[in-house]
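K.L.:
Given next are the chains, with one letter for each unit.
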Amino acid sequence: MSHETWQEQLRRGSLDLAILLTVSTGPLYGLAIIQHLEAFTDLVVTEGTIYPILGRLTREGLLEAQWVEGEAPHPRKYYTLTPAGVKRLDHMKAEWRAFADKITRLMDAAEGPDHAAH
Amino acid sequence: MQLTETGESRINGYLFVLERSLKTFLARDVVRDAVREIESHLRERIVAADGSPDERGALEQILAELGPPLRVAQAYSAERTMDEAVATGRLVPMLHAVGHLAATTFTGFFAALGLLCGYLSAFGFFAIAVLKPIFPDNVGVQYVRGFPVGIGAHFPLKPGMELHGGYAVIPFALACGLGIFVGTHRGARGFLTWWRNSRVS
Chain A
0 MSHETWQEQL RRGSLDLAIL LTVSTGPLYG LAIIQHLEAF TDLVVTEGTI
50 YPILGRLTRE GLLEAQWVEG EAPHPRKYYT LTPAGVKRLD HMKAEWRAFA
100 DKITRLMDAA EGPDHAAH
Chain B
0 MQLTETGESR INGYLFVLER SLKTFLARDV VRDAVREIES HLRERIVAAD
50 GSPDERGALE QILAELGPPL RVAQAYSAER TMDEAVATGR LVPMLHAVGH
100 LAATTFTGFF AALGLLCGYL SAFGFFAIAV LKPIFPDNVG VQYVRGFPVG
150 IGAHFPLKPG MELHGGYAVI PFALACGLGI FVGTHRGARG FLTWWRNSRV
200 S
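Taken in order, these protein sequences are the chains called A and B. Everything in the first sequence is counted per numbering that gives the first Met the number 0, starting at 0 for the first residue and increasing by one. Everything in the second sequence is counted per numbering that gives the first Met the number 0, starting at 0 for the first residue and increasing by one.
Honestly, the hints are just simulated from the structure, not real lab data. The C-beta atom is built at its ideal place from N, Cα and C for all residues, glycine as well. It cannot be assumed that every hint is accurate.
[Claimed, not checked] Lysine to aspartate or glutamate pairs mimicking EDC-like chemistry, simulated, CA-CA at most 20 Å apart:
hint, chain 1, residue 1, chain 2, residue 2
1, A, K76, B, D32
2, A, K76, B, E4
3, A, K76, B, E18
[To be verified] Part of the chain B face toward chain A, derived, beta carbon under 8 Å:
hint, residue
4, V34
5, E36
6, E64
7, Y75
8, D82
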């Protein structure tokens with residue numbers, strides 16, 4: 000596997016979590032979600048591909064979508080986290096932290112003084 | 000930014016291509032909703048670009064950041080059709096997904112060609128098993144000058160051709176058909192899983 004493929008898989012694997020975390024801050028429409036992600040991460044490569052993911056998360060019952068008209072010159076589709084989404088997000092956060100801790104411990108062990116001596 | 004007629008045409012053209020692409024694999028109401036959302040995104044970006052002296056440049060940048068319509072449609076395909084096909088393994092969603100990939104990607108076209116050959120071979124064997132009891136004198140293992148040349152049905156038999164195998168052809172054809180069908184189906188599912196995992200989003 001090339002480095003780029005590995006990076007791509009890592010990015011794609013964390014995109015669901017990043018989107019759920021973004022929406023957990025409150026009801027947001029598509030572009031606002033993208034802008035939030037762009038402000039904190041470099042996970043968004045092509046803006047248009049975020050919408051199908053939002054659609055899938057909605058179909059899975061993790062997000063709820065609602066069109067709002069009159070707030071802007073054009074209608075906006077707002078997304079909110081459902082109770083199932085909150086539960087899934089809690090699980091994902093816990094798993095991510097545990098996973099990151101293990102990898103960090105592994106890296107610390109590999110970069111320790113004994114390893115450096117060799 | 001107030002769009003000129005040319006700018007509006009560019010936006011409408013983008014949305015038209017997206018809608019046409021989505022219509023090949025999504026239900027009409029889902030397509031309408033998706034296009035409406037993408038248009039909302041574009042209008043939002045255009046409003047934010049207010050004050051730009053170069054409308055064409057600003058518009059092209061907005062569209063480039065959103066991604067080409069076919070790529071956006073492929074992302075929808077990956078999230079909907081692929082997920083359903085890979086998750087359920089059902090024949091119809093899988094054929095739908097492979098068909099869409101064949102129409103939109105180079106790799107998908109050749110993969111679909113191979114899979115089509117596999118499925119047709121399987122159904123060919125199933126047809127032999129079904130036809131044998133109906134046309135016992137025309138279906139079987141075909142021999143020409145004492146050598147087996149194939150298995151199938153001939154109406155009428157060619158001069159010099161003999162049929163062998165009797166009714167044992169039925170279980171043989173069923174076993175071959177089932178084996179090829181399962182192998183092709185697993186291959187199709189494997190291909191779709193690979194494509195879904197390797198797609199660039």
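K.L.:
For each hint, tell me whether it holds in the structure or not.
P.N.:
Comparing the hints with the structure gives:
At most 20 Å may separate the alpha-carbon atoms for a hinted pair to count; K76(A) and D32(B) meet this at roughly 10 Å. Between K76(A) and E4(B), the direct Cα distance comes to roughly 26 Å. Violation of the 20 Å bound is thereby established for this hinted pair. For the proposed pair K76(A) and E18(B), the alpha carbon gap of about 18 Å is at most 20 Å, so the pair holds. Taken as an interface hint, V34(B) does not check out: its beta carbon lies about 10 Å from the nearest beta carbon of chain A, beyond 8 Å.
A cut of 8 Å between beta carbons decides the hint on E36(B): the least distance to chain A is about 5 Å, and the hint holds. For E64(B), the shortest C-beta to C-beta distance to chain A is roughly 5 Å, which falls under 8 Å, so the interface hint holds. Taken as an interface hint, Y75(B) checks out: its beta carbon lies about 4 Å from the nearest beta carbon of chain A, inside 8 Å. Restraint check, D82(B) versus chain A: the minimum CB separation of about 7 Å is within 8 Å; hint holds.
In the structure shown, a violation is registered for the earlier hints numbered 2 and 4, in ascending order.
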